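Keeping their order, the protein sequence lines are chains A and B. For the first sequence, the tail end lands on 372 under this note's numbering, and the numbers increase by one without skipping. For the second sequence, the tail end lands on 372 under this note's numbering, and the numbers increase by one without skipping.
No wet-lab data here; the hints were simulated from the structure. A hint or two may mislead.
Which copy is meant is left open, so a pair is good if it fits within one copy or across any two.
Said to hold, decoys possible - Taking lysine to any residue pairs in the SDA-like style, the calculated list, with each CA pair at most 20 Å apart, reads:
#, residue 1, residue 2
1, K293, R77
2, K171, T59
3, K140, T274
4, K276, R81
5, K276, P82
6, K171, F294
7, K267, R81
8, K293, T59
9, K140, I14
10, K293, R81
11, K171, F187
12, K19, A88
Because the structure is a prediction, the values reported are computed rather than measured.
There are 2 protein chains.
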Amino acid sequence: MSQARFTRRRRNLIARIRKLGLPALLVTDESNVTWLTGFTGDSSYLLIGPKLGVLISDTRYTVQIAEECSGLDVEIRDARRPMHDAIATVTTAAKLGALGFEAHSTSMATWERISAAIAGSNGGPELVSVGMVVNELRAKKDSGEIAEIRLAVHQAERGFAAMVSVLEADKTELEVAHELEHLMRRFGAEGPAFEPIVAVGPRAALPHARPGPTLIGESGFVLFDWGAKTTGGYRSDLTRVLLTSKIPPKLEAIYGVVLNAQRKGIKAIRPGATLKSVDRAARRVIENAGYGKFFGHGLGHGIGLDIHEEPRFSPVAEGVLEPGMVITVEPGIYLPGWGGVRIEDDVLVTRDGHEVLTSVPKRFEDAVVQIA
Amino acid sequence: MSQARFTRRRRNLIARIRKLGLPALLVTDESNVTWLTGFTGDSSYLLIGPKLGVLISDTRYTVQIAEECSGLDVEIRDARRPMHDAIATVTTAAKLGALGFEAHSTSMATWERISAAIAGSNGGPELVSVGMVVNELRAKKDSGEIAEIRLAVHQAERGFAAMVSVLEADKTELEVAHELEHLMRRFGAEGPAFEPIVAVGPRAALPHARPGPTLIGESGFVLFDWGAKTTGGYRSDLTRVLLTSKIPPKLEAIYGVVLNAQRKGIKAIRPGATLKSVDRAARRVIENAGYGKFFGHGLGHGIGLDIHEEPRFSPVAEGVLEPGMVITVEPGIYLPGWGGVRIEDDVLVTRDGHEVLTSVPKRFEDAVVQIA
Chain A
1 MSQARFTRRR
11 RNLIARIRKL
21 GLPALLVTDE
31 SNVTWLTGFT
41 GDSSYLLIGP
51 KLGVLISDTR
61 YTVQIAEECS
71 GLDVEIRDAR
81 RPMHDAIATV
91 TTAAKLGALG
101 FEAHSTSMAT
111 WERISAAIAG
121 SNGGPELVSV
131 GMVVNELRAK
141 KDSGEIAEIR
151 LAVHQAERGF
161 AAMVSVLEAD
171 KTELEVAHEL
181 EHLMRRFGAE
191 GPAFEPIVAV
201 GPRAALPHAR
211 PGPTLIGESG
221 FVLFDWGAKT
231 TGGYRSDLTR
241 VLLTSKIPPK
251 LEAIYGVVLN
261 AQRKGIKAIR
271 PGATLKSVDR
281 AARRVIENAG
291 YGKFFGHGLG
301 HGIGLDIHEE
311 PRFSPVAEGV
321 LEPGMVITVE
331 PGIYLPGWGG
341 VRIEDDVLVT
351 RDGHEVLTSV
361 PKRFEDAVVQ
371 IA
Chain B
1 MSQARFTRRR
11 RNLIARIRKL
21 GLPALLVTDE
31 SNVTWLTGFT
41 GDSSYLLIGP
51 KLGVLISDTR
61 YTVQIAEECS
71 GLDVEIRDAR
81 RPMHDAIATV
91 TTAAKLGALG
101 FEAHSTSMAT
111 WERISAAIAG
121 SNGGPELVSV
131 GMVVNELRAK
141 KDSGEIAEIR
151 LAVHQAERGF
161 AAMVSVLEAD
171 KTELEVAHEL
181 EHLMRRFGAE
191 GPAFEPIVAV
201 GPRAALPHAR
211 PGPTLIGESG
221 FVLFDWGAKT
231 TGGYRSDLTR
241 VLLTSKIPPK
251 LEAIYGVVLN
261 AQRKGIKAIR
271 PGATLKSVDR
281 AARRVIENAG
291 YGKFFGHGLG
301 HGIGLDIHEE
311 PRFSPVAEGV
321 LEPGMVITVE
331 PGIYLPGWGG
341 VRIEDDVLVT
351 RDGHEVLTSV
361 PKRFEDAVVQ
371 IA
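Same shape as in the complex, but just chain A (with noise of 0.2 Å):
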């Protein structure tokens, strides 16, 4: 990507900044930290203010800051300096009165050691306790994010379809999460988005089920939740079940439940719309249907950098939508001892209303599957 990209982000974000009244602030997760300076290592954090940008980092990433980030500068320590001393150095070359830090990525312990390596002989900077102001930027995608995305969804849909040609009764849910995963890479994905999950039957009711070693024949039905990661770094999430022999009628029943909510929680996506209004939607459904119960979750998440962020749809989120942001929708019905259907799909919010993202089939009739 350009660095025109991400010194609008910075830019845009010091105005944040500014309206908080503070001279700085320091940016401790690592996905922030990304997105606004194009590093992609670990254990980096951004100090940033309306006069300051400065990457603090070790000497494992040197080089390769100085080939991913330009308009920043690099504070560099060794392995006999921690962290908090070289934040300390920084901080006291800008002399800055105040300090912000992100308070859902700075940990107690960080926290507790950069408040005392600060505190000089007339007290240091004061630390301030910010918000999300980075991950609410993050969640209106700009268009090279949304292609990023675009591209995502293709390699986990190319990856998909080809797994299930080759779909067989005896293969575990593991060999087929690995087959799975190897064919998104196939079709240019750097790796999954996340761990896919494979759940046979049963195994459906555990919405976060970890593949094993079942069988895929051992039930009439599959589910699969999975998403390609690029490149670049950005992922797409989808889950669809597949019927894989005679169905039972409970099962056809509930899959027409949760793709109805699934389709009513996307219709609610336009500008404007409160993120609880589009969890509403969906769950009013299934609650209708009596199975408000066993759909315990929100309804859906941001996704980009990662594969969960801002926004997210859920009976207590607060926020509405806008143009830009990228958002799951997937209700799901979860029966313990029985089984689970859940129907997800990725979708960008845009100027008038929505469009998805993803197109792997989803009607009834499509999830029906031969498999050998």
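Given the coordinates of chain A, work out where chain B should sit on it, guided by the hints.
Below, chain B without anything else, positioned relative to chain A:
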């Protein structure tokens, strides 16, 4: 793993909590929760003390917890009820006067929310910041854990040997990294312990290089840093440099220094040795050869459920080695623009010394491979 193992670990932790004078500790570090309970999901905390043991989770995990854990109370929340509310319910019911929490894994934002939620009419229990008590217990592996790490080493080594046997000059770093992951799975790994590093020539100067489009045959040497994760969740971590064509004499010299440093580091490992002294034993060799400033990271780190855990070998680490610890020894020399050499093995501290768990040959002559 048998439930007795988790009960024993919790009993040991409770003894530590008593010593700290606390009625309970809130365990927020995911790997610590797994180690204490067997639960392999995320987003769940363990509240534990002499008189209570409660796993606080959400509806996505109800079934999984019943499968994986026993001997614990469970507090399940749904999408309407945030984690801090569930914590408040449990702490109020237990009438706790104080509550320790893991400072390294509790964000300031979480702390602020818990703090507000548990403040009852009488102010609620006092929140007390606690160090890495569980992580310190985890540093000493029991026999089951050592067996798991041996398995992770085996999977990594079998996969690596197979990868070398099919290595070709016209494959990219990324293709080879994927092949290596695939082959480790072929030998039973659940997946890689971390995203493998495959770094050709000058790219080996980046200690944390990401595999990219560079061809294996573009330079005379390739650095591999890889490991396997078992289905039980335990990890291995190795680094080797392979020489794929005519070797620059400078590489041979640097290789010799790094190998000598690594052997000296390993030799210093025994119960009672300080973490600093082991780092020193290896670092001195590199400094004496004039490359001190090109070895900027610590000498090694514990491995287990996490790829980086306690203890750490570094010039500033405090503490001593104890039997049962498993640590990497991985000195390196990195010359920007030219390349780098790192050699890494996994070492178990035994009652009377150490045992090197990894066995991939590492003499300079062993590193020479023929590729097509």
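- Query: Is it within a copy, between copies, both, or neither that the alpha carbon of K267 lies no farther than 20 Å from that of R81?
  - Reply: neither (54 Å within a copy, 26 Å between copies)
- Item | Homomeric proximity label, K171 with T59: Cα distance no greater than 20 Å | Result: close neither inside a copy nor across copies, 45 Å intra and 29 Å inter.
- Message: With identical chains, the pair K293 and T59 could be close in the same copy or across copies; at 20 Å between alpha carbons, which is it: within, between, both, or neither?
- Response: Classified as between; 9 Å across copies, 52 Å inside a copy.
- Message: One pair to classify: K140 and I14, alpha carbons no more than 20 Å apart. Within, between, both, or neither?
- Response: Result: close within a single copy only, 17 Å intra versus 46 Å inter.
- Query: Taking 20 Å as the upper bound on the Cα-Cα distance, should K276 and P82 be classified as within, between, both, or neither?
  - Reply: between (43 Å within a copy, 15 Å between copies)
- Task: Have a look at K276 and R81 and pick one of within, between, both or neither, based on CA distance no larger than 20 Å.
- Result: between (46 Å within a copy, 14 Å between copies)
- Query: Checking K293 and R77: alpha-carbon separation at most 20 Å within a copy, between copies, both or neither?
  - Reply: Classified as between; 11 Å across copies, 52 Å inside a copy.
- Message: Within, between, both or neither: how does the pair K171, F187 come out at a Cα-Cα threshold of 20 Å?
- Response: Between copies, since 16 Å is at most 20 Å while 22 Å is not.
- Task: Indicate which option fits the pair K19, A88 if close means a Cα-Cα distance not exceeding 20 Å: within, between, both or neither.
- Result: The answer is neither: 24 Å in one copy and 34 Å across copies each exceed 20 Å.
- Query: Using 20 Å as the alpha-carbon threshold, which applies to K171 and F294: within, between, both, or neither?
  - Reply: neither (29 Å within a copy, 48 Å between copies)
- Within, between, both or neither: K140, T274 at alpha-carbon 20 Å: within (15 Å within a copy, 50 Å between copies)
- Between the shortest in-copy and the shortest cross-copy C-alpha distance, which are at most 20 Å for K293 and R81: within, between, both, or neither? Between. Shortest inter-copy distance 13 Å satisfies the 20 Å Cα cut-off; intra-copy 52 Å does not.
Violated hints for the displayed structure, listed by number in ascending order: 2, 6, 7 and 12.
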